[in-house]
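Colleague: Residues per chain are reported as follows:
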Amino acid sequence: MKADVKPKPVIAGQGVDAGEVLLAVQNVSLSFGGVRAIRNVSFDIRKGEIRAIIGPNGAGKTSMLNVINGFYHPQEGVITYKGRQRSAMRPHIAASQGIARTFQNVALFKGMSTLDNIMTGRTLKMRRGLLAHALHFGPAKREEIRHRAAVEHIIDFLEIAHIRKAPVGKLPYGLQKRVELGRALAMEPELLLLDEPMAGMNLEEKQDMSRFILTVRDAFNTTIALIEHDMGVVMDLSDRVVVLDYGQKIADGTPAEVQGNQAVIDAYLGVAH
Amino acid sequence: MVVFGQFLEVLIGGLLAGVLYSLVALGFVLIFKASGVFNFAQGAMVLLAGLALVRSLDFMVARGVPVWAAIVLGLVFAGLIMAISAWLIERFVVGPLVNQDGLTLFMSTIGATFIIEGAAQLIFGSDVYPLRLFPTDAWFLFESAFPGGILVNKLDVWGGLIAGILVTGLAIFFQKTKTGRALRAVADDHAAAQSVGIPISWIWFVVWLVAGLVALVAATVWGTKLGVQFSITFLALKALPVLIIGGFTSVPGAIVGGLLIGAGEKLAEVYLGPFIGGGIEYWFAYVLALAVLLARPQGLFGERIIERI
Amino acid sequence: MLYREAGQFKTTYSADMAIFPIRQDRVALILLLLFAFIGVPVMATFHIWPLGSDYMLRAILIPFLILALAAIGVNILVGYCGQISLGSGAFMAIGAYSAYKFSTGVHLPLAWLGTALAIPPLPVLPSILLGGLMAAVVGILFGIPSLRIKGLYLAVATLAAQFFFDWVFIRVKWFTNYAPSGSVSAPELNFFGLTVNTSIERYLLCLIFVTLFAFVAKNLVRGNLGRQWMAIRDMDIAAELMGIRPFYAKLTAFAVSSFMVGVAGALWAFVYLGAWEPLAFDINRSFQLLFMVIIGGLGSILGSFLGAAFILILPIMLDQVPHAIGVPISVETVSHLVFIVTGALICYLLIVEPHGFAKLWSIGKEKLRLWPYPY
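Residue numbers (the numbering used here), protein chains in the order written: chain Z, 2 to 274; chain X, -10 to 298; chain L, -11 to 363.
Just chain Z, same shape as in the assembly (with noise of 0.2 angstroms):
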């Protein structure tokens, strides 16, 4: 068995050119109850760039990710995905499709070790079933190999090789994001959604962590759509930035135009409306 698997890069153009748009969002809205989430917003996702999306707390953001990857279901509203146009799913499917994501507050699985986490990302790829797995001899095996070798590359990609076996519970929180990342990476995901990748770091590791970031972007070719507080961190990463406020788009272009917009300003400064 060879060892130097590399995980494969997802090639650009996959049915979708380089530039192209990845995934549009046309006139969504999202409301729970009475309470408005997203009201009507649009912007697109092109393949092959980071695009942030930011605003105040409470402006709707992460439920815009969730409704990317399908746990939420919006009202109204259309989503297109690789040209295709996406009819509501359960999020499983999304994740078929080549959405990977991390989370706000991590969501790693607790109980399990760094490698069985980062392990997870790649059921999707994994074919052997229940009695395979029962006898765990030879295709299951040879398949759980195959895929701890893709795993491992991860692992040293990004520089944890030191806990791969410890419980990620017990993990200092910059470790977690990192394994996190490591469990969407698995994946080999098309569009890589990161929540708030950098909260709560210190400078070192946000350093390290858009690092990560810029190199799964140029290496792999992955297109990126994060959620990001830090304006430092957003002006240097981001090709283009979204901007909402109260579920409303206000802005959105390159860094420089968004830094200069007065309703981003006004946003952030807290006008009244």
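Label-pair restraints from in silico Cβ distances:
(1) X/Phe48 to Z/Gly170: 48 to 56 angstroms
(2) L/Ile317 to X/Thr93: 30 to 38 angstroms
(3) X/Phe81 to L/Lys353: 28 to 36 angstroms
(4) X/Asp116 to L/Glu341: 35 to 43 angstroms
(5) L/Asn178 to Z/Pro140: 29 to 37 angstroms
(6) L/Tyr236 to Z/Gly34: 26 to 34 angstroms
(7) L/Glu320 to X/Phe81: 20 to 28 angstroms
(8) X/Phe81 to L/Lys355: 24 to 32 angstroms
(9) X/Thr93 to L/Lys355: 23 to 31 angstroms
(10) Z/Gly34 to L/Tyr336: 38 to 46 angstroms
(11) L/His95 to Z/Arg87: 49 to 57 angstroms
(12) L/Phe25 to Z/Pro140: 24 to 32 angstroms
It is worth saying that the hints were derived from the structure and are not from the lab. Note that the Cβ used here is the ideal one computed from N, Cα and C, for glycine as well.
Using the hints, position chains X and L against chain Z.
Modeller: Chains X and L in isolation, oriented as in the chain Z frame:
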């Protein structure tokens, strides 16, 4: 007319039996509302309260204490026992598990159930002890309308009255008092409640005490009906489907759920039983609850839960 | 110095993924299996202490093995997949009665189709396995609500299974072949021409079943499927967003768990009890199994064995020890004490060590690995 009379009799008997289920279910709702703990030990607490009451009563009556005084003293004694057990449970079982998830707390109350059942029988004995606090004879109603009238058990009526008084009292306690408000805060989030300075251990003691007293009330009614015995603990299990139908947090829900289950299982036994074999009372409530769950996963009265991540 | 993994370098993923990656563990397991398969029967044959009489095999080791198998099944569902079950007793009953029906021949008149389903009496081994299979099918049926309801609500669904099947096996006489007393007897235990009769043979039969299923369980939980179960247990929403299908993960857990519990039920009835009534599988059995899993360790195969051993030995200890030191206590008092000790231990473990005896064991091993150094 005979057919309708019989139907009415079964229905009323079922509804009144349902009130008794509600009495046990109320104890569950109380603790769940106030601490987020699903208290599996409620049935064991009914047994403990019943045993403490009936044994002290017998002890005093045998020594010549007048019956009315013995009843009062017996109730006080049983109340004290419930207070002690509430303190012990708070101190040694649920107290150390503050901030744990609901399933862990649930399993700890299963542990508490076994401790209480073992201890109660070890201390007070494990026979069947008859209890006579309420009249158990029957009334015959509407004798002019139906031949033979409709048979209604007086004890069931007493049970209904007591349940009504309890519910009113508890509703006032929860909505109007400071302790009641604190209770609701604790149920929502242990950590948050602690951080605004609510003394969680005191609150939990109060809750378990109130639940213990509700158990005592339930024990007086059930004990009169069946005698105080171990099988009373299975009432706790009957209260589970009541809660599923009524919702874990709703006091009126517990009442309605109890009535539905009580009436449903009696009617099913009488009208369905002959076709599929008797004794369906044994599982009817659970299967009914399961059917309700399949239709509405949050129960009939529960609020829809918005899942977040 | 004995328990040290230093110097054992793994050069392949295959070696790192072995069931027991540390050599000393492998040696210990082989020794234990040798003892169980050869040592115990030899000792029993020559009446060597503590196997001087039949009692040890018949009343302790055989029920221990069967309950350990059931506990493994329950642990897969509760400990690995996080779906609480208060109805395991019912699934043991389904295994037992299905095996009984298959071994005595199934005749089900389907009047409305104008025909009848008839299966001739099957040998014991296929009957037991089919018993497990029936339990798995019913397990899946009762698992379906778990897709919509969670936690305590699910516990009620499993209670519904418990009470419903209690009733079915008491009231529906077809399952007991219309035996007037409601009690039925196991067929002759004949496996490929060999008849299992003595306690030693019964013990070996159970041991083979338990060993095989324990390995199957261990393989499942360390593979892809086991990771899906644990992911559902730890954070079901995140698991679904990772592409894990809750439908598949939960129902496989219900199926595998019920299958093992069902086989254990068939063994309990056929090999341990011989003749039984529905009461053998009532709600107390369900609690007993749940307690084994909590005390032994949620999410641990080893823990299932430890928990089964503890729950089985506790009443015997509480009965024997006071007698031995000259304090006679009544049977009733013993049973109350068992209640108290079990309950107290559950509370204690939930507070102090939620992963039960198995965790204490692994902490001990960790210490031993470093001994005599503290770090």
